[in-house]
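Chains as they are written, first to last, in the numbering used here: chain H, 1 to 333; chain E, 1 to 333; chain R, 1 to 333.
Do not take every clue at face value.
Note: identical chains are not told apart, hence a pair may lie in one copy or across any two.
As the list claims (entries may be wrong) - Below 30 Å or equal to it, Euclidean Cα-Cα: the simulated DSBU-like pairs (lysine-lysine) are:
id, residue 1, residue 2
1, K136, K23
2, K28, K136
3, K28, K263
4, K263, K23
5, K136, K263
Hints in this document: simulated from the structure, not taken from any laboratory.
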Amino acid sequence: MNRFLDLADFSREEVLDLLALAKRLQEKPEPQALSGRTLGLLFFNPSLRTLSSCQVGMTRLGGNSFVITPNHGSWQLETAQGAVMDGAAAEHVREAIPVLASYADALGIRAFADGHDLAADLAETRFSAMAAVCDKPLINLESAVNHPCQALADWKTMDDLQVAAGGKFVLSWVYHPRALPLAVPSATVHMAAMRGMNVTVLRPEGFALPTAIMDKARSAAAAAGGSVSETNDRDEALEGAQVVYAKEWGTTAPYGDTETDAKLRAQLRDWQIRPDWFERTANDCRLMHCLPVRRNVAVADEVLDGPRSVVRQEAFNRLAVQMAVFHRMLARQ
Amino acid sequence: MNRFLDLADFSREEVLDLLALAKRLQEKPEPQALSGRTLGLLFFNPSLRTLSSCQVGMTRLGGNSFVITPNHGSWQLETAQGAVMDGAAAEHVREAIPVLASYADALGIRAFADGHDLAADLAETRFSAMAAVCDKPLINLESAVNHPCQALADWKTMDDLQVAAGGKFVLSWVYHPRALPLAVPSATVHMAAMRGMNVTVLRPEGFALPTAIMDKARSAAAAAGGSVSETNDRDEALEGAQVVYAKEWGTTAPYGDTETDAKLRAQLRDWQIRPDWFERTANDCRLMHCLPVRRNVAVADEVLDGPRSVVRQEAFNRLAVQMAVFHRMLARQ
Amino acid sequence: MNRFLDLADFSREEVLDLLALAKRLQEKPEPQALSGRTLGLLFFNPSLRTLSSCQVGMTRLGGNSFVITPNHGSWQLETAQGAVMDGAAAEHVREAIPVLASYADALGIRAFADGHDLAADLAETRFSAMAAVCDKPLINLESAVNHPCQALADWKTMDDLQVAAGGKFVLSWVYHPRALPLAVPSATVHMAAMRGMNVTVLRPEGFALPTAIMDKARSAAAAAGGSVSETNDRDEALEGAQVVYAKEWGTTAPYGDTETDAKLRAQLRDWQIRPDWFERTANDCRLMHCLPVRRNVAVADEVLDGPRSVVRQEAFNRLAVQMAVFHRMLARQ
């Protein structure tokens, strides 16, 4: 495996294979598998889980890592092709990426959406500019509209919990004081569809996921025998749900319009997941969230601290699935 | 050993045992003792010695570490129970700590005092909120009113220098442009008392250590055969001292009152340790300080660069004692 | 080798020897050579290549490293002797350096010029204050007027490309929105002279390199059989060049005068290396730059993306030459 950028680049069998490897590494550690191997980590945006689990994952397999964080110890990097660089950025990724790649055996990059131009973000313009000049294995640690490591960890979490493939999976918009990117909702709706779930996207008016994201999920669902629908009707959505996956994101009507976003958002503070959201769900319905989560804003304490919440398990699984990705990419055969 | 949060949690024998282990590891390295073990380091506040000595300590024992710094590459973390998180903090420690703990074999946390509510800081409210959700071994790398790694290194430094247990130990307030927390003075007065020193806290009016801190030190002194007193009389305090331990802290009259602090502090610039402070002390009286120290503000160059100063040795010993703590916590039996 | 601070501290033979070691380590890895060895890295200024290549270099040799960055996770450090530290800096290097050195087997330090006092910067006042209190092997990772790791990597790059020793080497000033330090131009003119090149420094009026820098390069040239000259005539300089080494720096007329610098600089936007700069050079003339480079400001895309550019190779070679330095310093004999 040379690239881990999007679950959609892999067949269902390949994903199941990665998940089996993650499980095997949990049960039977391989402390020498990546001996002498180095993962370069480039974080354009803050991180807690991803940063620490990538570093630990490499050391548990006998390898190591280094971290570059533009604006925190390193300078800003330009990604735009042809830019006249007389602004804040001191270096272009056309130099930085090949250089970092030359020091490492693989690179992992986190680069969030610009959040202004939907077409550019859907095309992963920033991330692709980096991928194009990276001649080493590359891992997407969250891009404009994807977060495959999170998606894989969430898939594993549902497997661990024996959530049935045909069950109802509700991706629900929840309140946050600011507009967040589409990476996790986009990755999540696709992952759930690819796993064969019957997916409902529950979101207020103005927060529909872009058509391209929904279409991609729908074709994954078609292949896996599931379905994808969307609604703003909370009762309808939650009826019989086996999983409620809470996530915050910004308005798409239009995308990146901060004024509209603020106006809509101000009316939506009741989109906080509280115990009564589970009145119509399956009895054993789970609450998932990729973290970080704002307590008593996006999800109430009672839910996060209650038995439905599996948010910590999802985070624990980040380590296992990333170790599987590193192993598949870098282990000597 | 599952927790290293406060020297007071250990018997004198247990402390002596840790110090013996520190010495043994200095003399006889064990480069494989913690092979495959990972220490997660969470720094809410800046660090130089603690950060580097923890990382080096782990690698010298064959293990490794990772570092998360809220506000520098990661986001702010909330510690208050029940908080409605619509402010700056993006994640609660109730998620972050179990997640980081799951990636690591032990966690080390630095989280300074809030500095507003004395009762809360004395109760270690912030640190305790994290300790309560950490199911792995945990090390206090400086909390509101404690710094046990520093205390243990200082104890070792006095042992290395053969400072007699019954000697006079003066903890002296010194000037600093800003109010600093009570962690080091609190840990120091207790450590010196527990080591059996006759401790005098020398401080200007308005800077008395809280009663709870003094009482804790007094009961340690009672058990160890030493004593604890306080005074604002410099001549009396320094008379016959074997150790002068310089430290900066904020006013406690009342605690956290920045206006009072600034007013009092402005008159106290002569609380700078200069050579003439040693006119009445024992001939071989030592100058200790936990570092960082502001030269020619808290302590004069002549003292820091002279033969009395053992501030570097104290810092060197941080590595040895922390290696002992890591070893005791994580070495396979 | 106990210090790697300036190529001028070494004989030509010693440099060639280091380059041979760099090549050997590229061809025949020694993954255990520095087992158990730790490099402490202290970065007063941002870094991408230096930080990552130092960390990777140590791990590839079986060692490890730690990083301290004042202002990003650690506090500001004072370097001035006798300073009354009531300002921003919380700690003096007279404490910090011996402490970090005690935890490490060697230190690497990056500390740029203050940029105000030419004599002080030429004397490496800040770096020397740290070197004076460091009792472990020490590496200059860029100081006021030097960058020996970059110089060594550039030398290796010319060797790899079989650039003839007697060829014409043009160090050309190029435009940048801000005044940058003299470290790289100073190191480069000396390195090229020491390698036996016929060096021309091409720079606009007001940007002549200081006499001390030119004199140092001239004596290296005299010993190696090359030459050093300077001009503001672009055509004359570029005629027959085998290497154009582009670099940005601030005015020296007078040094550190930001107003003069801004006024001069505003007229010099055409000092951007474009394809037509190579009309009079040798056919196979190379473009070198230490990176980071501002595209379409200092050097045009067409040049950086064309076959003349060897800027990435220079950066790749940072790893190899630094591994040679670490190995020479720290490998057990």
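Cross-check of the supplied hints:
1. In the homo-oligomer, the alpha carbons of K136 and K23 lie at most 30 Å apart both inside one protomer (26 Å) and across protomers (22 Å), since each shortest distance falls under that limit.
2. Taking identical chains as interchangeable, the C-alpha atoms of K28 and K136 lie at most 30 Å apart whether they share a chain (28 Å) or sit on different chains (21 Å).
3. Taking the shortest Cα distances, K28 and K263 never come within 30 Å of each other, neither inside one copy (52 Å) nor across copies (63 Å).
4. Taking the shortest Cα distances, K263 and K23 never come within 30 Å of each other, neither inside one copy (45 Å) nor across copies (62 Å).
5. With identical chains, the CA atoms of K136 and K263 are never at most 30 Å apart, being 44 Å at best within one copy and 44 Å at best between copies.
Violation of the numbered hints given earlier is confined to hints 3, 4 and 5; the remaining hints are satisfied by the structure.
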